[in-house]
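**Q** Here is what each chain is made of, one letter per residue.
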Amino acid sequence: MRIDHTHKKWFIASVALLALAGAAYAWSAWSSPHGPKGGSALGLTFGIVGSAFMLFAGLLAPRKKVPVWRAGRAQTWMRGHLWLGLLSLPLILFHGGFHFGGTLSTVLMVLLIFVTASGVFGAALQHYLPELMTREVPLETIFEEIDHVRAQLRAEADQIASAACGSLGLAAGPEEPTDTSDSRLAGGTTAYKQPTAAASVAVLAVTEEECAPLRSFYLREMRPFLENPGARSHPLGDAAQARSVFQELRRRLPPAAHDALKDLEDICEEERQLNRQARLHYWLHGWLLLHVPLSLALLLLGAVHAAMALRY
Amino acid sequence: MSAGGQALRQVELTIDGKKVVVPEGTTVFDAARLNAISIPTLCHQQNEAPVGVCRVCVVDVGARVFTAACVRAVEPGMVVTTNSEKVRRARRTLVELLMSDHPSPCARQQHSRDCELETLAKLEGITQPRFAPRSTSRGKDDSSLSIAVAFDACILCDRCIRGCNDIRGNLVLGRTGKGAQTGIAFDHNRPMGESTCVSCGECMVSCPTGALTNKGTVHAALGPDARPVTSEELLQLPVFKGVSGTFLELNKGAIVQRHFQRGDMVCREGEYGSTAFYILEGQAQVSISSPIAHVKTDGGARGFLSRLKSSLARRQEDRREEEAQQRYIPTDGPVDLAYENPVAELGPGDLFGEMTCMNYYPRSATVRAQTDCTMLEMLRNVLDILQKNKTFREQLEGTYRQRALDSHLRGVPIFAGLTDDFINHLRETVELTRYAPGEVICRQGEPADSFYLVRLGFVKVSETYPGGELVLAYLSRGNYFGEIGLLGVGQRSATCTALDHVELVRIASADFQLMMGWFPQVRRSLEAVAQERLQQNRERLSLVRSVPLDRFLAQGLMEAQSLLILNLENCTRCDACVRACADAHDGVTRLVREGLRFDKYLVATSCRQCRDPLCMVGCPVGSIRRRHSLEVIIEDWCIGCGLCARNCPYGNINLHPFEVTQGEPALPGREMAVIQQKATSCDLCTGHKEPSCVYACPHDAAHRVNPREFFARTLGSPTAGVPES
Numbered sequence: 001m002r003i004d005h006t007h008k009k010w011f012i013a014s015v016a017l018l019a020l021a022g023a024a025y026a027w028s029a030w031s032s033p034h035g036p037k038g039g040s041a042l043g044l045t046f047g048i049v050g051s052a053f054m055l056f057a058g059l060l061a062p063r064k065k066v067p068v069w070r071a072g073r074a075q076t077w078m079r080g081h082l083w084l085g086l087l088s089l090p091l092i093l094f095h096g097g098f099h100f101g102g103t104l105s106t107v108l109m110v111l112l113i114f115v116t117a118s119g120v121f122g123a124a125l126q127h128y129l130p131e132l133m134t135r136e137v138p139l140e141t142i143f144e145e146i147d148h149v150r151a152q153l154r155a156e157a158d159q160i161a162s163a164a165c166g167s168l169g170l171a172a173g174p175e176e177p178t179d180t181s182d183s184r185l186a187g188g189t190t191a192y193k194q195p196t197a198a199a200s201v202a203v204l205a206v207t208e209e210e211c212a213p214l215r216s217f218y219l220r221e222m223r224p225f226l227e228n229p230g231a232r233s234h235p236l237g238d239a240a241q242a243r244s245v246f247q248e249l250r251r252r253l254p255p256a257a258h259d260a261l262k263d264l265e266d267i268c269e270e271e272r273q274l275n276r277q278a279r280l281h282y283w284l285h286g287w288l289l290l291h292v293p294l295s296l297a298l299l300l301l302g303a304v305h306a307a308m309a310l311r312y
Numbered sequence: 001m002s003a004g005g006q007a008l009r010q011v012e013l014t015i016d017g018k019k020v021v022v023p024e025g026t027t028v029f030d031a032a033r034l035n036a037i038s039i040p041t042l043c044h045q046q047n048e049a050p051v052g053v054c055r056v057c058v059v060d061v062g063a064r065v066f067t068a069a070c071v072r073a074v075e076p077g078m079v080v081t082t083n084s085e086k087v088r089r090a091r092r093t094l095v096e097l098l099m100s101d102h103p104s105p106c107a108r109q110q111h112s113r114d115c116e117l118e119t120l121a122k123l124e125g126i127t128q129p130r131f132a133p134r135s136t137s138r139g140k141d142d143s144s145l146s147i148a149v150a151f152d153a154c155i156l157c158d159r160c161i162r163g164c165n166d167i168r169g170n171l172v173l174g175r176t177g178k179g180a181q182t183g184i185a186f187d188h189n190r191p192m193g194e195s196t197c198v199s200c201g202e203c204m205v206s207c208p209t210g211a212l213t214n215k216g217t218v219h220a221a222l223g224p225d226a227r228p229v230t231s232e233e234l235l236q237l238p239v240f241k242g243v244s245g246t247f248l249e250l251n252k253g254a255i256v257q258r259h260f261q262r263g264d265m266v267c268r269e270g271e272y273g274s275t276a277f278y279i280l281e282g283q284a285q286v287s288i289s290s291p292i293a294h295v296k297t298d299g300g301a302r303g304f305l306s307r308l309k310s311s312l313a314r315r316q317e318d319r320r321e322e323e324a325q326q327r328y329i330p331t332d333g334p335v336d337l338a339y340e341n342p343v344a345e346l347g348p349g350d351l352f353g354e355m356t357c358m359n360y361y362p363r364s365a366t367v368r369a370q371t372d373c374t375m376l377e378m379l380r381n382v383l384d385i386l387q388k389n390k391t392f393r394e395q396l397e398g399t400y401r402q403r404a405l406d407s408h409l410r411g412v413p414i415f416a417g418l419t420d421d422f423i424n425h426l427r428e429t430v431e432l433t434r435y436a437p438g439e440v441i442c443r444q445g446e447p448a449d450s451f452y453l454v455r456l457g458f459v460k461v462s463e464t465y466p467g468g469e470l471v472l473a474y475l476s477r478g479n480y481f482g483e484i485g486l487l488g489v490g491q492r493s494a495t496c497t498a499l500d501h502v503e504l505v506r507i508a509s510a511d512f513q514l515m516m517g518w519f520p521q522v523r524r525s526l527e528a529v530a531q532e533r534l535q536q537n538r539e540r541l542s543l544v545r546s547v548p549l550d551r552f553l554a555q556g557l558m559e560a561q562s563l564l565i566l567n568l569e570n571c572t573r574c575d576a577c578v579r580a581c582a583d584a585h586d587g588v589t590r591l592v593r594e595g596l597r598f599d600k601y602l603v604a605t606s607c608r609q610c611r612d613p614l615c616m617v618g619c620p621v622g623s624i625r626r627r628h629s630l631e632v633i634i635e636d637w638c639i640g641c642g643l644c645a646r647n648c649p650y651g652n653i654n655l656h657p658f659e660v661t662q663g664e665p666a667l668p669g670r671e672m673a674v675i676q677q678k679a680t681s682c683d684l685c686t687g688h689k690e691p692s693c694v695y696a697c698p699h700d701a702a703h704r705v706n707p708r709e710f711f712a713r714t715l716g717s718p719t720a721g722v723p724e725s
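Keeping their order, the protein sequence lines are chains B and P.
Numbering-wise, this note's numbering puts 211 at position 211 of the first sequence, and it's gapless, one number per residue.
Numbering-wise, this note's numbering puts 220 at position 220 of the second sequence, and it's gapless, one number per residue.
In isolation and in its complexed conformation, chain B is listed as follows (with noise of 0.2 angstroms):
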């Protein structure tokens, strides 16, 4: 979520808040001999007041597999997620005297540290790389669509290759599935039409020798790069480098295969901005695999603290 103006009200309110809290914290350390203690009054308004935040935090997720229940819009959720989350931090603090105390307290110390830690590095995230995303991926597809788009990119790269150049020798890949419905496929009690062939009309627009560079960068370099487009040691898969490459190859081509080449250098800025795509996507979303354990062992060591300062 980004962080802007928006928040306004929820930024003023964590504040006065915190000040609240740190006010009654000093007035606390302050006033009792022995400091602050988590069993005090205020040290145990503290406690549950954080825990209570810690908690509604933690059922962002609940809510979120119920997206149609009118609870609440999830965006007001998620605002209350993130300040609430982070105001648990030094409401805590405040409940420990800034002690970590015994094992189970400093588990849920660093358990806290660590996970509002990678909260904020989260929404560090999710306010910066979208804008990047929009920026640098304009050509951005469904993130699961990726290796669909990949395959279909390929077919259509080999296919302007063989037209500039003639077949190319490459083996068949698997079949992308078809629309079975088609109505010329249809069978049941009536007839139905053979599934269309593409007219087998090759289109031969250079001669073989001339297009004897191509037909090289296309099988050495362009294909292996678009079928492993990860790479990242792969000169196409630097702009700056693929567009040197093409520029080369551009002067070495007659005119008449220039259309095609333009067209395969489409087809790797677009490979390129998948990669983009797939990269930042992982980052966008990578981090709830830190993040969401994490909150889920806090919330639990955080009930048995709970229950056991109860009982002892």
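In case anyone wonders, no lab produced these hints; they're calculated from the structure.
There could be a bad hint or two in this list.
Every beta carbon over 12 angstroms from chain B, so not counted as near; a handful from chain P, in silico [stated by the list, open to error]:
1. K18
2. V53
3. G62
4. F66
5. P76
6. P103
7. G125
8. P129
9. D166
10. N341
11. A436
12. R538
13. H585
14. R597
15. F710
The calculated lysine-lysine pairs, modelled on DSS-like cross-linking and capped at a C-alpha distance of 30 angstroms, are [as the list claims (entries may be wrong)]:
16. B:K64 x P:K296
17. B:K8 x B:K65
18. P:K309 x B:K65
19. B:K262 x P:K140
20. B:K65 x B:K9
Quick list of the computed label-pair ranges, beta carbon to beta carbon [said to hold, decoys possible]:
21. B:E269 x P:L171: 53 to 61 angstroms
22. P:T196 x B:R252: 36 to 44 angstroms
23. B:E269 x P:A180: 29 to 37 angstroms
24. B:E156 x P:E690: 50 to 58 angstroms
25. B:D147 x P:T196: 29 to 37 angstroms
26. B:D4 x P:K689: 55 to 63 angstroms
Glycine residues also receive a C-beta, built at the ideal position from the N, C-alpha and C atoms.
Please build the complex by placing chain P on the supplied structure of chain B, with the hints as guidance.
**A** What follows is chain P alone, placed relative to chain B:
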């Protein structure tokens, strides 16, 4: 006699030493033929205009170079030599050149040994051409069901092109490429099977070589259980009177006879096919088994934890704004079905499945044999020929006038009050007219001379304005047009174009005016409709004229009432909106988080009420249309075939499955649960204050906006640029 009635001048010339006299304008080739002098040729045949491309008919007329006899007109005193050593040598060289670019033996030579080129080569004693053959293959096209194309065997004589365009008027074949790359092409160089070819076979008949040959696989495509019908048997049927026996022979297997026992399924609604049926004997029942109901979303507003629930509701249970009052459901047959009881009967002489056959639309209804039936099932090439056949047309039109005109007219609520007398009058006077895809029926500004009722196909109604063209409506069976011009200033207010194979019932101006005079109520209703349509058109045009952003216009965004936009700088691509939509609609999402980008906004795919609503084209039962507000409404009689969902370029129409119980025809009295689909589009989560997609977005990225206000404010002045999507 000339066309003007004057006698043509006679011309005397000498051919191979023989003095001949022929009318002026005769070609040398015809002059020789008329005098029993044979000149070999490949590109010329008597039923086609000569083009002189193969040059095999070269003759010496004493000029600097030899000339092609098929295109050279005779001249007085001309001395023609057709068989000198020089001419024979030239002809032989030409044949050798053609043979070097022709696989020998070609498919035709292999099957019937009558390839004209190879026969000629044999006569000339050519066994091995002196010239090197082409190094690469020109390819082949096996995409057509009935005709195989071997480009290698083509000698570019253009006989097929002239056969297709000049003789049949189908305008499918042409030439493509230059120099050595020249070849024949279907439409804009599409595979034959994907082109608009009707497989009439004329190109195949015209081809002198094995470039276009009969695949002989049509029968297999119509199924092994069908009985092939010979051309002799067909010609004995009255409806085939006048159809070319050669055509039927060449298309053997493209029409078969089927026997159905009582209760047998002939075709099922929503299913795709490519054939039409003609009933020879017996009765069949045509019906719609899909529940006549629309998708209604309930719940939401009742409480904190309430969920939305989609269900099927009939018109009586849930009235929607601007719901059609139609009493009849259009079908792809000679009868329409009553809304209350969508069942009707078909009998001998009835043709059904025309739309499926001609335009590949899904079947509009289920047809079962009510008694033992015999039917002819035919492919498009046969139906196309039949529809051009006078006898068949007369019978078809007669059946329509007697059986369907009544329900067709009365199916339109405005005409429900017409008396039997007047309908009987119309039976005699209406004209059934056909239009090919893309043909303009009437143009904006032309004098209005008729009123039209759509019987088959889809008509696009559009209006031109300074910025382009706005599609006002797509009209299908049961819709009408032309009343605005006839009731108003006498000029067409919009251009109407056939989108596919369209058949219209044309009521001439005089009959229309007679109807207006006899039935003042109909006149008042039509005037009201005309006024309403004009008002809507004015509003739509004012809407698009006032919008400066061309790309919005092109995408139809400004016509939307409400757009779901995602602020991409806030959106973390978590898909909470999509999950919420699916959760709100029984697991079927009605939005996809992909679409056009404008600046930092993504216009997610959720119905946007396009300028050109392609979703409405092809609906076999005409159940999808626009409300006056441009919003899409899907009527109760949607059969769930899914064509609208496939046609929508933005993926904004979904199919929602419902479990319903239906009677099992094979087991009377028994009911079984089946899944029936209904088309749906975004309902803005009826009952909720805010759509679920927006409500569930945790990042303040999803918003439902009025595009005109939102983009005017966000993207600024009329000159503001819109980034590329």
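**Q** Now, for every hint given, state plainly whether the structure supports it.
**A** Going through the hints against the structure:
1. K18: 47 angstroms, holds
2. V53: Its Cβ never comes within 12 angstroms of chain B, the nearest being 21 angstroms, so this holds.
3. G62: 43 angstroms, holds
4. F66: 33 angstroms, holds
5. P76: 48 angstroms, holds
6. P103: 15 angstroms, holds
7. G125: 33 angstroms, holds
8. P129: 23 angstroms, holds
9. D166: 24 angstroms, holds
10. N341: 24 angstroms, holds
11. A436: The claim holds: P:A436 sits with its nearest Cβ about 19 angstroms from chain B, beyond 12 angstroms.
12. R538: 38 angstroms, holds
13. H585: For P:H585, whose nearest Cβ neighbour in chain B is about 9 angstroms away, the distance does not exceed 12 angstroms, so it is violated.
14. R597: Violated, since 7 angstroms does not exceed 12 angstroms.
15. F710: Given a closest Cβ separation of 17 angstroms, the condition holds.
16. B:K64 x P:K296: 25 angstroms, holds
17. B:K8 x B:K65: Holds, at about 28 angstroms.
18. P:K309 x B:K65: 17 angstroms, holds
19. B:K262 x P:K140: Holds, at roughly 29 angstroms.
20. B:K65 x B:K9: Holds - the C-alpha atoms of B:K9 and B:K65 are around 27 angstroms apart, at most 30 angstroms.
21. B:E269 x P:L171: 53 to 61 angstroms: Since the Cβ atoms of B:E269 and P:L171 sit about 40 angstroms apart, the hinted range of 53 to 61 angstroms is violated.
22. P:T196 x B:R252: 36 to 44 angstroms: 42 angstroms, holds
23. B:E269 x P:A180: 29 to 37 angstroms: 35 angstroms, holds
24. B:E156 x P:E690: 50 to 58 angstroms: 41 angstroms, violated
25. B:D147 x P:T196: 29 to 37 angstroms: 36 angstroms, holds
26. B:D4 x P:K689: 55 to 63 angstroms: Taking Cβ atoms as reference, B:D4 and P:K689 lie about 25 angstroms apart, which means the hint is violated.
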